[in-house]
Structures are given as C-alpha cells and as structure tokens.
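Chains Y and W are the protein sequences, given in the same order.
Using this note's numbering, you'd call the opening residue of the first sequence number 32 and step up by one each time.
Using this note's numbering, you'd call the opening residue of the second sequence number 131 and step up by one each time.
There could be a bad hint or two in this list.
In silico BS3-like cross-links for lysine-lysine, where the CA-CA straight-line distance does not exceed 25 Å [stated by the list, open to error]:
hint: 1; chain 1: Y; residue 1: K155; chain 2: W; residue 2: K194
hint: 2; chain 1: W; residue 1: K171; chain 2: Y; residue 2: K309
hint: 3; chain 1: W; residue 1: K171; chain 2: Y; residue 2: K155
Bear in mind the hints are in silico, worked out from the structure with no lab data behind them.
Since the structure is predicted, the reported quantities are computational estimates derived from the model, not experimental observations.
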Amino acid sequence: MQNNEKNNSRRNFLKKLPVLALGTAALASCNSQEIEEFLQQNFKTLSKEEKDEIVKNLEKKYYEKYGKKFKVSDKPATEGILFGYGLDLSRCIGCRRCVYACVKENNQSRDPQIHWIQVLQMEKEKGIDFAHSTVHYNPETVPEPGHFYLPVACQQCRNPQCITVCPTKATWQEEDGIVVVDYNWCIGCRYCMAACPYGARHFNWGEPNIPLEEINPETHYLGNRPRPKGVVEKCTFCVQRVREGKYPSCVEICPVGARKFDNLLDPESEIRYILENKRVLVLKEELNTQPKFYYFFGV
Amino acid sequence: MQNNNSRRDFVKKLTFALGSFVALSSFKVDKTSKIEKQNFKTLSKSEVDNIIKNSSFTVINSIKPELSPNK
Numbered sequence: 032m033q034n035n036e037k038n039n040s041r042r043n044f045l046k047k048l049p050v051l052a053l054g055t056a057a058l059a060s061c062n063s064q065e066i067e068e069f070l071q072q073n074f075k076t077l078s079k080e081e082k083d084e085i086v087k088n089l090e091k092k093y094y095e096k097y098g099k100k101f102k103v104s105d106k107p108a109t110e111g112i113l114f115g116y117g118l119d120l121s122r123c124i125g126c127r128r129c130v131y132a133c134v135k136e137n138n139q140s141r142d143p144q145i146h147w148i149q150v151l152q153m154e155k156e157k158g159i160d161f162a163h164s165t166v167h168y169n170p171e172t173v174p175e176p177g178h179f180y181l182p183v184a185c186q187q188c189r190n191p192q193c194i195t196v197c198p199t200k201a202t203w204q205e206e207d208g209i210v211v212v213d214y215n216w217c218i219g220c221r222y223c224m225a226a227c228p229y230g231a232r233h234f235n236w237g238e239p240n241i242p243l244e245e246i247n248p249e250t251h252y253l254g255n256r257p258r259p260k261g262v263v264e265k266c267t268f269c270v271q272r273v274r275e276g277k278y279p280s281c282v283e284i285c286p287v288g289a290r291k292f293d294n295l296l297d298p299e300s301e302i303r304y305i306l307e308n309k310r311v312l313v314l315k316e317e318l319n320t321q322p323k324f325y326y327f328f329g330v
Numbered sequence: 131m132q133n134n135n136s137r138r139d140f141v142k143k144l145t146f147a148l149g150s151f152v153a154l155s156s157f158k159v160d161k162t163s164k165i166e167k168q169n170f171k172t173l174s175k176s177e178v179d180n181i182i183k184n185s186s187f188t189v190i191n192s193i194k195p196e197l198s199p200n201k
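Can you make the complete structure from the sequences, with help from the hints?
Pasting the structure below:
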C-alpha cells in the first residue's frame with residue numbers, strides 16, 4: 032500500500048513536471064515589463080507613486096510601439112466639478128463631424144471601425160423611435176427633409192448599470208462623474224455592454240488599427256491611450272482634455288453649436304441654465320439610470 | 131439565576147444600544163455631496179414626440195456629412 036502511494040506520488044510528480052516546465056518557459060519568454068503589467072493591481076487602488084511608475088512604463092511602451100513620444104496623464108478629478116453634457120436636438124444637423132473628431136482624438140480603431148458616438152437619423156413623423164432609426168444614412172447634404180438627428184454616446188449615468196455588473200470592478204465612476212475603464216484590469220467579458228441600455232460600450236474584437244500619423248499622443252490612462260485587443264471602451268467626455276480645462280473634441284468641432292459642456296455643480300454654468308430654462312429630456316428615463324447627458328430643444 | 135441575569139443584561143444592553151443608535155443617528159453623514167440628484171423637470175416621451183412632430187427646426191445651413199477617416 033505504502034509502495035503504491037510512493038508510485039503514485041512519483042507519477043504525479045512526473046505529470047506536473049511538464050506543466051511546470053511550460054510555465055517556466057512561458058514566464059521566461061515575457062520581459063519584466065510584461066510580467067509587471069500582468070501583476071498590476073486595479074488602478075483605483077494604486078498609490079500616486081505606483082501610478083507614476085505605471086504611466087512612465089506605458090509611455091516607454093508606446094514609444095517603442097509607435098515611435099512617437101506619448102504623454103499618459105493620470106490626472107485625477109478636481110473637487111467641486113461634476114461634468115454634464117447638453118445636446119440641442121433642434122440644432123443638430125447630423126453631419127457626423129463629432130463622430131470623426133472623437134475617433135481621431137480618442138485613438139479609436141479605424142479597421143475594424145469603432146465609433147463612441149453614433150448619430151441616429153430618425154423621422155420627424157415618428158418622434159424618438161430607436162427601432163426605426165438608422166446610423167447608415169449617406170445623403171449629399173444634411174439635414175434631410177423630414178428627419179432629425181440624435182447623437183448617442185455614453186450617457187455618463189449617475190446610476191450606471193455597467194458598473195454594477197462588472198465582475199472585476201474594472202469600471203467605475205470618478206468624482207467628477209465620468210465613468211471610466213481600467214483597460215489593464217478589464218477581462219473583456221462584455222457584461223457591461225449587455226447592461227448598458229444605450230449601446231454606448233464597444234468591444235475591441237481585433238488589435239485596434241490606427242494609422243501611425245494619426246495617433247494622438249496626448250492621452251490619459253483612463254481615457255484615450257491605445258487600448259489592447261479584447262477590452263471594452265467607451266466615451267469618457269475626453270477625460271484627457273476636460274481635466275486640463277478644455278472642451279471635449281465633439282463640442283469643439285460641432286459646426287452648429289449644438290453641443291454644450293459644463294460643470295453641473297456651478298449654478299452659473301451654461302448647463303445649469305439649460306436645465307433650468309429649456310425643454311430638457313434624457314433617454315430612457317424610465318430605467319432610472321439618471322444620465323448626465325441632457326438633450327434639449329433650444330428653439 | 132444565571133439565566134435571569136443574562137436576560138436582564140440583554141435588556142439593559144438593548145436599551146443602551148437603541149439609545150446610542152438614536153443619538154448617533156443625529157450625526158448625519160453626507161454621502162451624496164457630489165453626485166446628488168438635481169431636481170429639474172424633464173419632458174415625457176409623448177411631450178418630446180409632440181415637439182418633434184409639430185415644430186419645424188430652423189435649419190441654419192445644409193452641409194455635406196463628414197467622411198470617415200482613413201481605414
């Protein structure tokens with residue numbers, strides 16, 4: 032009996048040996064940076080020093096990969112700011128300039144295409160009707176008669192269901208109200224995509240493909256830095272810009288001034304004026320997601 | 131004897147616990163200082179549809195839609 036046990040244990044050892052050898056070989060093939068990245072903790076839980084170290088490593092990695100000097104910011108939210116967004120439905124003409132400005136600013140993949148903003152064309156006769164809307168309109172000029180346009184991106188909800196379902200807590204809401212994703216912590220399960228009622232989250236099925244000359248090197252760790260394959264991404268209100276005091280790129284590019292962006296906690300802000308004086312609506316209000324993305328009729 | 135004592139102790143502690151609970155409840159913890167719900171009126175779906183159907187939006191100009199960036 033004892034002899035048997037001995038035999039078994041030797042057999043077990045021999046069985047485990049190749050696995051161990053393979054594991055060692057796999058680890059040996061990774062460089063120290065890759066191992067460090069694999070063992071990295073959730074960004075939210077890291078100290079300032081650890082964040083600085085990670086950001087430095089990322090800048091180095093991107094320089095090696097893209098041959099461009101990158102700036103990866105980890106600037107936190109500023110106290111007393113809660114970002115809110117306003118979109119004037121009566122002004123939007125569906126020109127899609129916001130979509131492509133967003134693609135360029137936020138290093139979104141060109142092939143396969145990822146668009147954080149989707150402009151839905153709807154018929155005025157039917158009102159807001161998602162079932163009969165289309166993003167694939169292509170007339171000579173816009174707006175087309177009898178139609179109106181509803182651009183949809185992340186609604187930066189106060190009660191975001193995408194966060195609730197994330198099994199790894201890789202997505203959370205920052206103090207300034209922006210819902211962000213730690214791309215190093217995301218496992219790509221896509222639960223958040225299923226939970227989002229606005230279809231605002233997008234999955235990188237392939238390695239994101241961005242022409243070298245078009246890469247934006249001004250990035251934020253939680254925003255527009257180049258994402259790896261197999262993670263979920265979304266609009267962050269251009270976190271890399273707004274935390275530096277700039278407008279999101281979609282607001283800046285809009286040729287008709289349909290987009291407004293400001294601090295909800297400031298009673299003198301433009302967004303508060305809109306909320307208090309214009310006819311405002313939020314999408315799918317009945318779901319109690321409490322978006323901070325407000326549509327309104329300016330005229 | 132021991133049983134009675136323990137029941138009495140329990141009741142004594144219960145009163146103390148309830149008293150402390152009430153007293154401590156007066157220290158209000160503000161958990162919603164930042165992302166609090168703003169109170170303003172939003173339009174219902176039917177109101178929105180009515181506005182869209184009945185009002186003619188002022189078209190400032192018509193322009194060509196932006197082309198997709200390089201693939």
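Taking 25 Å as the top limit, are the C-alpha atoms of K155(Y) and K194(W) close enough?
holds (20 Å)
Does K171(W) pair with K155(Y) here, judged by a C-alpha cut-off of 25 Å?
holds (23 Å)
Given the hint that K171(W) pairs with K309(Y), test it: the Cα-Cα distance must not exceed 25 Å.
Given pair K171(W), K309(Y) holds - Cα atoms ~10 Å apart, limit 25 Å.
Comparing the model with each numbered hint stated earlier shows that all of them hold.
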